[in-house]
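Chains as they are written, first to last, in my numbering: chain A, 1 to 665; chain B, 1 to 141.
Keep in mind the hints are simulated off the structure, nothing from the lab.
Treat the hints with caution; some may be incorrect.
[To be verified] Lysine to aspartate or glutamate pairs mimicking EDC-like chemistry, simulated, CA-CA at most 20 angstroms apart:
1. LYS4/B / ASP610/A
2. LYS4/B / ASP244/A
3. LYS119/B / ASP244/A
[Said to hold, decoys possible] Residues from chain A shown here face chain B by an in silico Cβ test under 8 angstroms; the list is partial:
4. GLY312
5. MET366
6. LEU368
7. ASN381
8. VAL395
9. THR587
We treat Cβ as the ideally placed atom computed from N, Cα and C, and that holds for glycine.
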Amino acid sequence: MELSLGTLGSAATALALGLSVYALIAGIAGAMRRDARLQTSARLTAVAVFLATTTAVIVMQGALLTDDFSVKYVAEHSRIDSPTWVKIVTLWAALEGSVLLWAWLLTGYTAVLAVTTPNHALRPWALVIMQGVQVFFLGVVAIVANPFIVLANPPFDGPGANPLLQNHWMMAVHPVLMYLGFVGLTVPFAFAMAALITRRPGTEWMQLTRRWTLAGWGFLTAAIISGGWWSYEVLGWGGYWAWDPVENVSFMPWLTATAFIHSVQVQERRRMLKSWNVMLIVLTFALTILGTFLTRSGVVSSVHAFGDGPVGPVFLGFFVLVTLLSLGLVAWRWDQVRDRAELDAAVSREGAFLLVNVLFLALTFMVLIGTLFPLLVEAINGSRVTVGAPFFDVVSLPMWMLVLLLMGIGPLLPWRKAETQSLSRNLAWMAGGFALAVAGALAFGLREIYPVLTVGLAGWNLVSLGLLLAGAIVPRARLTGRGLAATTMRYAFEQRRKVGSMVVHFGVVVVALGIAASSGYRTDVQLRLPYGERVAFSQYELQALAPFSERGAGRVSVGVEVAVFQGGRQVDLLRPHINAFGNSSMTVPTAAVRYTLGHDLYLSVAGAIDPTADAVIMRVIQSPLVTWIWFGAVILALGTGWALVPARSQPAAVSAPAATGRARA
Amino acid sequence: MNRKLAYGLAGVGVLAIAGFMIFQALSTSLVYFILPNEHAANPAQYEGRRIRLGGIVTPGTIAFDERDLRLTFLVTDGIVAYPVRHTGAPPELFKESTGVVVEGRFDGGTFISDNVLVKHTEVYVAEGDHIDIELLRESLK
Chain A
1 MELSLGTLGS AATALALGLS VYALIAGIAG AMRRDARLQT SARLTAVAVF
51 LATTTAVIVM QGALLTDDFS VKYVAEHSRI DSPTWVKIVT LWAALEGSVL
101 LWAWLLTGYT AVLAVTTPNH ALRPWALVIM QGVQVFFLGV VAIVANPFIV
151 LANPPFDGPG ANPLLQNHWM MAVHPVLMYL GFVGLTVPFA FAMAALITRR
201 PGTEWMQLTR RWTLAGWGFL TAAIISGGWW SYEVLGWGGY WAWDPVENVS
251 FMPWLTATAF IHSVQVQERR RMLKSWNVML IVLTFALTIL GTFLTRSGVV
301 SSVHAFGDGP VGPVFLGFFV LVTLLSLGLV AWRWDQVRDR AELDAAVSRE
351 GAFLLVNVLF LALTFMVLIG TLFPLLVEAI NGSRVTVGAP FFDVVSLPMW
401 MLVLLLMGIG PLLPWRKAET QSLSRNLAWM AGGFALAVAG ALAFGLREIY
451 PVLTVGLAGW NLVSLGLLLA GAIVPRARLT GRGLAATTMR YAFEQRRKVG
501 SMVVHFGVVV VALGIAASSG YRTDVQLRLP YGERVAFSQY ELQALAPFSE
551 RGAGRVSVGV EVAVFQGGRQ VDLLRPHINA FGNSSMTVPT AAVRYTLGHD
601 LYLSVAGAID PTADAVIMRV IQSPLVTWIW FGAVILALGT GWALVPARSQ
651 PAAVSAPAAT GRARA
Chain B
1 MNRKLAYGLA GVGVLAIAGF MIFQALSTSL VYFILPNEHA ANPAQYEGRR
51 IRLGGIVTPG TIAFDERDLR LTFLVTDGIV AYPVRHTGAP PELFKESTGV
101 VVEGRFDGGT FISDNVLVKH TEVYVAEGDH IDIELLRESL K
């Protein structure tokens, strides 16, 4: 057999799969017999699997960068004159490559876990579960969707990556964040299963994986919002979220993960919700797999879907297997995870967390119904339907309002039972903040119910955050005699989790305001802009200067330069254009945006640019506070990061070593 | 026990309300994808409802008023043709005999569109009056 990058890649993936299968078997045997040598062997093999998969990824990058069209994946998705960064990200621009990336990140996480997890009773089984998931993904890469298949008659050039993906650098970031999130949430799932298997349904599994869960959640959040920004900049409609199936399937695990990071705290503090937490993490993990099935199998059509193939059914099978096995395990260990403690009072921290959990699950259910309903209708009477965005808005908006309401109350409530006096005083302050914000919104001219409510609830939450911070800082400052600023700094460094969560909640308020304003109050028109003339739009005047066309690497752009005037002075020069990539017949209108803190001015070429015409038709959108969503996302990420950094001099709590005296018996 | 029962009932109540809201909202926001002949068979069912109408742009019927940005054309499936009125520029690649899906509502016999999607139906070419309905439906998917 001739040595080529294709055969090398296939060999690397086959090796990774073989090693992974060995690690799985050795891991199971080692865990069952409590054999420390087998356990160590499985752990070391996990590192070898990672190295083998890394080799496969490097080989694929090599094939992409050297335009080796004898490799099927390269032939189908790459192109010689594409710029280097596009060639690199082509690894995840299509199905087979993105599964390879997913598998690679998974092997990386497993290797890190194998090396760094303290010697704990849960470790052997948790690694077995990780290894099992890994065998599936490596199996898909090696057998079902092998990107390294060697073509007998390689073409001289390929079609290049999907134009929509090439059109924005965010595509280099967003999918990686998404898979980091999905893989990160596999870790608590693995530890939860290990906890059930080893009959240790306490809080160890969630404490050991707290950072992994939070990091996974953070990555998923960042992935979803960066995907929204990609959509905003690339799809030309001035929106960022369309309730498209691909968006929905990434949103569902986010919803359940958000519920999870709140409900684990109830178990940590009150030893309640054991089975609930296990089910939530099972659901979260299963939804990441279901989502991949839905969008990668072509069963739901979507603007972003990769299309048909044998990968879909395989993921469906894996989804069914995961669900049955995990739920079977929960049923088998039911007497262990049954809650013995009861809710003392509904008005308590745990009561609020429970309620917000129900809301997040209801939202998940709504998104699932809305995404799957077209399939159901088509199966029943053959009609082809889509569920419009109004459905999701109508159903979810009241629930979002309740979420914002609870977000203000929950953190102020004590565990077990709230003391009525301090609670009603806090509520009075927050209601004051709500009323003030609503009055401000009405005075500003807002009339729609949900934007007004959102502004009101923003006031409610800001007061709540203020009370929370003051309640922590003021007594400390009094006690120590230090100044308020110094105490705040100290508090921020000592109570990273609490402060991190406050920052995240503040970020949520900022994002919520951005969404409310930009979806409720946007102006969206098409304007004919004769060249050289100033056309009034809102507080601006737009002047189309001249059409231009330019060539980039693997790309041809035609567009129009538009001068933006405000108060007679030119404030910006925007260059909305249309990109064409390679010899693809598909062209991508590329919007130009003037970002400001108050609102965005968004220009997108409508129709074609005719160089002989005396005017250009432009879609002009003005939407307020869109940038707040992206700023809010940064705040969210900072808050999550802050909560992730370990506080100084806090020893890792290991409550139970894994290798007990019986290991060699 | 009573407390558990109360929480259980509250939970069921919340779920029932949520379920009712979901199905209520679903029934009003389903957007059907149909071809002109399906509309002609039962116009009352779709009157005033938001739908997605698929078909081929009938040659020689495209008119675009640059001043008012008003685009009109006929969309056909070979059996029935309907006039479409759209506000905005014709999308790039919009031309005669190409497959389109228009989104909007019927107002009498005219379709008022707010979105025109051009479908790259290279498999399908309109040849006179002979149009394979199933092929058309598939290619507009």
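Fill in: Which numbered hints fail
Those not satisfied are hints 1, 2, 4, 6 and 7.
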